[in-house]
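Colleague: Residues per chain are reported as follows:
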Amino acid sequence: MSGIFNSSIGRKFAMALSAFFLMIFILQHFAINILSVFSADAFNEASHFMGTFWAVQYLLQPVLIFGVIFHFVMGFILEIQNNRARAISYAKNNGSANSTWMSRNMIWSGGFILVFLVIHFIDFWIPEINTKYIVGDMSGTLPNGEFRYHEELVHKFEPIWRVALYCIGFVFLALHLLHGFNSAFQSVGANNKYTKGLKGFSKVYAIGIPLGFIFIALFHHFNH
Amino acid sequence: MNLTLKIWRQKDANDKGKMVDYKINDVSPDMSFLEMLDVLNNELIEKGEEPVAFDHDCREGICGSCSLYINGEAHGPDRGVTTCQLHMRMFKDGDTIFIEPFRAKAFPVIKDLVVDRTAFDRIQHAGGFISVNTSGNTIDANAIPINKEDADDAFSAATCIGCGACVATCKNSSAMLFVGAKVSQFALLPQGQVEATERVLNMVNQMDAEGFGNCTNTGACEVECPKGISLENIARMNREYLAASLKG
Numbered sequence: 001m002s003g004i005f006n007s008s009i010g011r012k013f014a015m016a017l018s019a020f021f022l023m024i025f026i027l028q029h030f031a032i033n034i035l036s037v038f039s040a041d042a043f044n045e046a047s048h049f050m051g052t053f054w055a056v057q058y059l060l061q062p063v064l065i066f067g068v069i070f071h072f073v074m075g076f077i078l079e080i081q082n083n084r085a086r087a088i089s090y091a092k093n094n095g096s097a098n099s100t101w102m103s104r105n106m107i108w109s110g111g112f113i114l115v116f117l118v119i120h121f122i123d124f125w126i127p128e129i130n131t132k133y134i135v136g137d138m139s140g141t142l143p144n145g146e147f148r149y150h151e152e153l154v155h156k157f158e159p160i161w162r163v164a165l166y167c168i169g170f171v172f173l174a175l176h177l178l179h180g181f182n183s184a185f186q187s188v189g190a191n192n193k194y195t196k197g198l199k200g201f202s203k204v205y206a207i208g209i210p211l212g213f214i215f216i217a218l219f220h221h222f223n224h
Numbered sequence: 001m002n003l004t005l006k007i008w009r010q011k012d013a014n015d016k017g018k019m020v021d022y023k024i025n026d027v028s029p030d031m032s033f034l035e036m037l038d039v040l041n042n043e044l045i046e047k048g049e050e051p052v053a054f055d056h057d058c059r060e061g062i063c064g065s066c067s068l069y070i071n072g073e074a075h076g077p078d079r080g081v082t083t084c085q086l087h088m089r090m091f092k093d094g095d096t097i098f099i100e101p102f103r104a105k106a107f108p109v110i111k112d113l114v115v116d117r118t119a120f121d122r123i124q125h126a127g128g129f130i131s132v133n134t135s136g137n138t139i140d141a142n143a144i145p146i147n148k149e150d151a152d153d154a155f156s157a158a159t160c161i162g163c164g165a166c167v168a169t170c171k172n173s174s175a176m177l178f179v180g181a182k183v184s185q186f187a188l189l190p191q192g193q194v195e196a197t198e199r200v201l202n203m204v205n206q207m208d209a210e211g212f213g214n215c216t217n218t219g220a221c222e223v224e225c226p227k228g229i230s231l232e233n234i235a236r237m238n239r240e241y242l243a244a245s246l247k248g
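So the sequences go chain by chain: A and B. Going by the UniProt record's numbering, the first residue of the first sequence is number 1, and it counts up by one from there. Going by the UniProt record's numbering, the first residue of the second sequence is number 1, and it counts up by one from there.
Careful, some of the hints might be misleading.
[To be verified] In silico BS3-like cross-links for lysine-lysine, where the CA-CA straight-line distance does not exceed 25 Å:
id, chain 1, residue 1, chain 2, residue 2
1, B, Lys23, B, Lys11
2, B, Lys148, A, Lys92
3, A, Lys92, B, Lys171
4, B, Lys23, A, Lys199
5, B, Lys11, A, Lys196
6, A, Lys193, B, Lys148
7, A, Lys199, B, Lys171
Note that these hints are calculated values from the structure, not bench results.
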């Protein structure tokens, strides 16, 4: 058991587990964000709960941060190992004849998602941590007493450059998920009679969720 | 057909190697690819030049010896065939054809297009076998009932000829389709259960030690495999390995 994560299969298994966790997190993130389109109050309530509930803040948040860092670091380590496994490249390689662009370029889509995440953290997560744990304001309210979350979200999507940046980030997320979703199942050994149906669902997830995030960004930009 | 061939030439394992251009004329579309190389080699010998070294043996798609990377694909542009089963009708008059050896750190080039694939042999030695009691009371294999689906899947996995196209075509030089097939052909049968735990652990450990890359599930290996070995075998190996790791 101790050597499992030193093996190629063990590393892929760990990569898949972190991917499952992140895919569930993205779904949960989307479920809360889409509330902002329909009801500012519901979005504020959900955001305040997520931002102040101890189990989310002190248990889930550290696990999430670990999961994100692990997924990226392991992805880069695997890429370096894989590059070393072929010292000399082919003079002519027709990769598109047997595999999708998404599957061959996970490191690039992942790299762009990392850049997007850094921007996203600067935009939302760092100010949130600053307000709550450095300034010490856990109220989640503006000076007028109203919740600040919806107001801050709408304000962030006022500049068109940020909306464009987020849209590009979500396109790369879609490209990453189009291969990554099914790949995670294959890595944990799940390839059976349900795989065909799963592939259909993965397309819905991989395109639907990023498209939903793009919709939210555009909605707030054009409606406020 | 008149063709231009761009062929990897390398004197020996220590030589740097380079692509060299050759012109070949009057190639029949009915020739096999290896026959076309035979014609080229005859011409080179007549001119006093060193013929191109390439692996071949049965020339009927069974031995797994031929190992060329042709126009960017293992065993060329046709599907479900080895290089010896590839015919020149797949190309057009005037084409330029790139011919390279299978590339992987674990498959070092010996000469020209010949690569050392003994890494596969060492993986097989690590666990690709079963132990049978041959003391006189051996049970006939056919006396053990086996589910038809399992028997079919085991047989499909066993059709792997170990040519290495999976490694050559994988962008990571991963050998997981080969090892997955070799693990699966025993894992699916009762005869393979006795050594199942040791087998998958030892074979995967040897695969990693040989320097093959990690599988990223692009599926290119399945597409290029001349025997159509399915990705399901990799998933089965993953399950077997994870279960064996928990036991071990």
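Colleague: Could you run down the list of hints and mark each one as holding or not?
Modeller: Against the structure, the hints come out as follows:
Annotation: proposed proximity of Lys23/B to Lys11/B holds, straight-line Cα distance about 20 Å (limit 25 Å). Simply put, Lys148/B and Lys92/A have alpha-carbon atoms about 43 Å apart, too far for the 25 Å limit, and the pair is violated. Between Lys92/A and Lys171/B the CA atoms are separated by roughly 13 Å; this keeps the pair inside 25 Å, and the hint holds. Our distance criterion of 25 Å between C-alpha atoms is broken by Lys23/B and Lys199/A, whose separation comes to about 46 Å.
Only pairs whose Cα atoms come within 25 Å are accepted, and Lys11/B paired with Lys196/A is rejected, the gap being roughly 48 Å. Between Lys193/A and Lys148/B, the direct Cα distance comes to roughly 16 Å. Compliance with the 25 Å bound is thereby established for this hinted pair. Taking the CA atoms of Lys199/A and Lys171/B, the gap is near 22 Å; set against the 25 Å cutoff, the hint holds.
Hints 2, 4 and 5 from the list above are not met by this structure, while the remaining hints are.
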